[in-house]
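Chains as they are written, first to last, in the UniProt record's numbering: chain P, 1 to 411; chain R, 1 to 411; chain U, 1 to 411; chain L, 1 to 411.
If you are wondering where the hints come from, they were derived from the structure by calculation, not from laboratory data.
The hints are all genuine.
Under the rule of at most 35 angstroms between Cα atoms (straight-line distance), these lysine-lysine pairs were calculated in the DSBU-like manner:
#, chain 1, residue 1, chain 2, residue 2
1, P, Lys122, P, Lys56
2, U, Lys351, L, Lys351
3, U, Lys351, R, Lys351
Partial list, computed: chain U residues near chain P (C-beta under 10 angstroms):
#, residue
4, Ser297
5, Ala299
6, Gln302
The structure displayed is predicted, hence computed values, not measured ones.
Here a beta-carbon is modelled for each residue, glycine too, at the ideal position from N, C-alpha and C.
Protein chains: 4
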Amino acid sequence: MDFTPSPRAREYQEKLLAFMDEHVYPAEPVYAAQMAESGNPNFHPPVVEELKAEAKKRGLWNLFHPHRDEAWGSPGLSNTDYAPLCEIMGRSPQLAPEATNCNAPDTGNMEVLQLFGTAEQKETWLKPMLAGEVSSAFAMTEPGVASSDATNVRLRMTADGDHYVLNGRKWFASNTLHPHCRVLIVMGKTDAGAPVHRQQSMMVVPLDTPGVTVVRGLPVFGYLDREGHAEIVFEDVRVPKTALLAGEGDGFMISQARLGPGRIHHCMRAIGMAERALDLLITRAQSRVTFGEPVASRANIQDWIAESRIEIEMVRLLTMKTAWLMDTVGNRAARTEIAAIKVAAPQVALKVIDRAIQVHGAGGLTQDFPLAQFYAYARTLRLADGPDEVHKRTIARMELRRLAPATERQG
Amino acid sequence: MDFTPSPRAREYQEKLLAFMDEHVYPAEPVYAAQMAESGNPNFHPPVVEELKAEAKKRGLWNLFHPHRDEAWGSPGLSNTDYAPLCEIMGRSPQLAPEATNCNAPDTGNMEVLQLFGTAEQKETWLKPMLAGEVSSAFAMTEPGVASSDATNVRLRMTADGDHYVLNGRKWFASNTLHPHCRVLIVMGKTDAGAPVHRQQSMMVVPLDTPGVTVVRGLPVFGYLDREGHAEIVFEDVRVPKTALLAGEGDGFMISQARLGPGRIHHCMRAIGMAERALDLLITRAQSRVTFGEPVASRANIQDWIAESRIEIEMVRLLTMKTAWLMDTVGNRAARTEIAAIKVAAPQVALKVIDRAIQVHGAGGLTQDFPLAQFYAYARTLRLADGPDEVHKRTIARMELRRLAPATERQG
Amino acid sequence: MDFTPSPRAREYQEKLLAFMDEHVYPAEPVYAAQMAESGNPNFHPPVVEELKAEAKKRGLWNLFHPHRDEAWGSPGLSNTDYAPLCEIMGRSPQLAPEATNCNAPDTGNMEVLQLFGTAEQKETWLKPMLAGEVSSAFAMTEPGVASSDATNVRLRMTADGDHYVLNGRKWFASNTLHPHCRVLIVMGKTDAGAPVHRQQSMMVVPLDTPGVTVVRGLPVFGYLDREGHAEIVFEDVRVPKTALLAGEGDGFMISQARLGPGRIHHCMRAIGMAERALDLLITRAQSRVTFGEPVASRANIQDWIAESRIEIEMVRLLTMKTAWLMDTVGNRAARTEIAAIKVAAPQVALKVIDRAIQVHGAGGLTQDFPLAQFYAYARTLRLADGPDEVHKRTIARMELRRLAPATERQG
Amino acid sequence: MDFTPSPRAREYQEKLLAFMDEHVYPAEPVYAAQMAESGNPNFHPPVVEELKAEAKKRGLWNLFHPHRDEAWGSPGLSNTDYAPLCEIMGRSPQLAPEATNCNAPDTGNMEVLQLFGTAEQKETWLKPMLAGEVSSAFAMTEPGVASSDATNVRLRMTADGDHYVLNGRKWFASNTLHPHCRVLIVMGKTDAGAPVHRQQSMMVVPLDTPGVTVVRGLPVFGYLDREGHAEIVFEDVRVPKTALLAGEGDGFMISQARLGPGRIHHCMRAIGMAERALDLLITRAQSRVTFGEPVASRANIQDWIAESRIEIEMVRLLTMKTAWLMDTVGNRAARTEIAAIKVAAPQVALKVIDRAIQVHGAGGLTQDFPLAQFYAYARTLRLADGPDEVHKRTIARMELRRLAPATERQG
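Next comes chain P alone, as it looks inside the complex (with noise of 0.2 angstroms):
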């Protein structure tokens, strides 16, 4: 087990701190200005792009992606290498993420349409993805009934001709209101009667075919959020055959397949919102005074302190290990890992912001600090890709199979 970054590894981690120093954090309240002028939640700001030209020229861009390619100018890291860029990211996650078109779930789609697309698909849709110039949105989640289990997905996709007719509805599907956003990946029921995980195919539907109708963003908490949280009808939408990602009955397979690496992201962004908060914490304990005293010379909060470090340490090894066995010996060997940290992550962001806000008084349930925000982005992973209640059914009935009596481990 070695987390010991390369040495390309640590350059990249030298380079993105300078870049959030000099350009991220300087344009966070440029950032909020800009919005707020707005008036739009969806708009999006001038700095957004000001900072994605300044990544690209930093050679900061498209990290996420796996393959190392000059014209992309991804790096092709490993999930080792390019686990603590998304831990640096995620101190300023609206920001850092899109600047460096590193930004979920562009890079599930990406990297799904890498694996999976035509060469159609990857000429019309990757190629402007990966130069930062459209975005995309994935549509598996539905409303009114429980996502986490594929054999509840209603969306049908009914074979018609050369054609496939989609009727079902969506939401939840991230970065739909973007107004870069082009096109979505969406999950369906091509064939009911199939096997349980053979029923399910994606296809590649851009926003604008006939018959897609967006019926709102929702609000996280009370945010709404810049890029969109959409509810999306389809009506009757044909698309044609041609807009099938691999084959038919593939869409669980590539749900797995897109699954490792963003765990990977979301958790080691919500590790680094932890850290910023822990920081925050901290620095506000030192300035702040009550009966006396600076509330950082508190016991009870040095104990908030101390757990907050423990707890981070542990659960970015806990991350670090997973990438690295990704890395080693594949996602389907790490699947107890890959759940775990999908628990362990966002719980642990959620204690230590928490205690953060409370440290902050009323104020850290504004926007004045960024910490209500993180609360509500990492409550938001307890549930996006499955609650943990799934996650820890799934690690139990490993660790049952692992003890099971000889007789029923054959079976």
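We have chain P; now place chains R, U and L onto it with these hints.
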């Protein structure tokens, strides 16, 4: 210790429950639609006035008021009798308290005016407030300092002839952005050199007094609450000396007097939110199916339900005991309990609401259910009127005194 | 809901408190010395008999018994009135309950004999038990199966003429190793083919019946409790049919009847232990100095004190409410509460005791303080009479039924 | 950060695992029987010597020792390489560490003698200890004071010619009651007027020195551990000045040097206990049936399994990182991590063991399973070498320094 509701209290419970079922719950979607249509987070939707009229007609008005007064419609209930009504209102916290003229901070302000106001203040402000025509805010908390320590108050009230001149800044003055808000009760320092708890005074300041500027409304977890949590600048604000409540230096004393009943109200409303969240959790768990079974059949969800029930029962009893103590031995003798419920009730509410969110999946974070907003409200309660840590300190000091060596106890 | 103690109850509280101060606490070191000197974990130290004599003299005898009877000395207190006495006794759990003839499982056994015993059983067993001359055990739990599910009971009671023949194995039959123990109340199956809750019967079995073999005493966390938790083998044990309590198949019903009051006793004693642990914590924190300050001045320890106070208050109120419900509407209507306190009281006690241990340092783990033994006792309560999980399940099922769709509720 | 075990380490792991399977686990019931038969809690059962002989034969001897020495049989493993062996031994904590001559406090004492002992001390004490012939204890903690604050040490070491005279009292000197124990390493004060961390000295004191009186063995919970936790009185104990380790005033420095590796050992053993507890939990849950289903099929138990797995993985990684830091940058640079694992590992172990107890029902509290004794051992770790609160304070102070205003950082 007798929590049995009086026959009158039981009658009010029944009337209030009927009002909730027949008017308040049905008004919730109407309210949401009117707010959405207005596009103004501080809009005063017509349905609220309709509810107020209906409540008044049903004799459900000024229920909080400890004095029985036919003109006001207030029944003069004890804390023990009023507390369960607060819980019922808490199930629809955006509508029921205002509908019955029992919403904070108006209730506390009315109590303060009743106890400490001059005849003129009562005529000018208390009367239209009891009639539900005028709203008010309480300007106590300040940005930049820990307001839980009253010595930190920075707003200066400088005597100048027969006037005071106010300079300073307040925030989280809830209700200020309510279209009906006309008046502020302001805490400030009249004498920074006086003994610690005699430095502060409270004054009644019309919102339109020159020099009073509402800078902004503060969001809580992204929510711009309708009533508004305002940041207010006071710049050379001149008020006549008759604006003083009680006497110079009585500010801290008034804030203590105000505090006890307010705690009961807040905590019982939080318990009402928790009860509603538990109902939502159960209902959702019964209808949602994963991996072939309703979620409600899973032992982990059943554990959540049972733990929620246990925690709610316990904290309700503690709050009821506190109300009973206030009625029988007074606020001072109930200090430990008043501090205890302030810590315990929001934490129980947060736990139950968070579980309910988890069972609702991503939808639980949106406005499709009241849960995320309940969470934001309950989280605020861990800071409002002092953070948990200050209340725990209060309790600990009383416990330490209880067992202090005889020598110290004498000191 | 009225928890006010009756004047008689208050009188008993005062008398009991005086007895504790004047006799029980002073007897603790004597007891420890007599036990240590004996070298026998099941020794019956003389000081216990002295305390019994004193308690009897003071009219503090058979306080648990719901019937008022001058001959027995039992005052016939309600659950509401008796519960606070249990809490007081719980502060010295090794001495006070036995001193007042209120120790489990004798109390439960006496109730069962009172309710379901024949005249002969009452004369032979109940009478000397009420006099404090004879002790008893309750043989219900079995090794190798989960005894919280009554259908799992394996001990067979086979009718043979006018006898039953008992075969099976029990464990955790507390009190069996008490030198005064003469009789067992045994749960077994008379008819494995009957409906689930009619398969079990209970019988009164003298400890010296041939075929009854006490195999060993079971330790709890290393403690070989004086009264002993015995593993007992029943091998062709012949008892006359008159040994039956109530009728064949009534075993489950009796165990339910027995259960309610026992819960109150256990939980209130646990609360008494928690109160004493909190007192010890505070006293220790005031006397112990680290890094130049008494531990009691540290905010983390103050938080522990405050949280302990809050938790104890809440769970005491819930237990009192349960007692009151049992007195007013009966055990069946109080099922949720009876299950709730069984979960909540031991957990509060464990938390408080654990904090107290931590403040005592290594000494807290030894017999120099009662804390570690309190912990072991409270931990046992999370399993005795069914593990937490069974009780949570009970509560959840009642909550689910409360909100079940109308169609299901009818079913 | 590279935790990959070296090829030699992997070889030792395999050899140790085989030794566990072939000898240690099978010896457990033999050990229990020999102890029970002896009736003496401090008996040295023959099976331990058999295991020692076997371990020596297999080259599994003095594995802890950082120096490679053929005479001693010590392989000279790094902390990173030794740590996983500690975890394996921790699965049978009463046998495996002693069998391989790797048990505390002998390991720490041997390290101290190696680093700071005179030639004579090494010949007299270290040599037979390395051979497994002689045992030792470490007399540091004192009753009546908080020993986590080194300035609290009360035992006086007064120079008197070429001797020191020791007066004072120690307790929790583990191993003192081991029949092989011959020598104590004693911490005391040689100069109460010196700077805070130069007041203490350490000396090597034969157990049979006149004036050394073992007063009693202290139980932990109810366990009288075989090796014994002794309370020892020192009354005018004269030792020659050559008894001094390093120099006068070096006591605190030595205790710090001793501390780092000991932490790794303790924590990894705790993790080993947790792993075994989890295995027991799973196995039990698979075999136990309630209400018609194996307990392992219940979602709450599955949650416990998953949470246990996650927590164990995280704390193991943190402990491995700490070992690696100690190997690469030294104890001082690893202070935060050394403090962190001391807090985290026992708490994880306690959580997992407690869950396992719960799944085992009442049996889990007895000696039929190792769980209750594991719990007592892990609970002790929260106090040994300083309570959690002291270690959290250490971490917090380092975090506060990390972000201190520049002016303070210079100070």
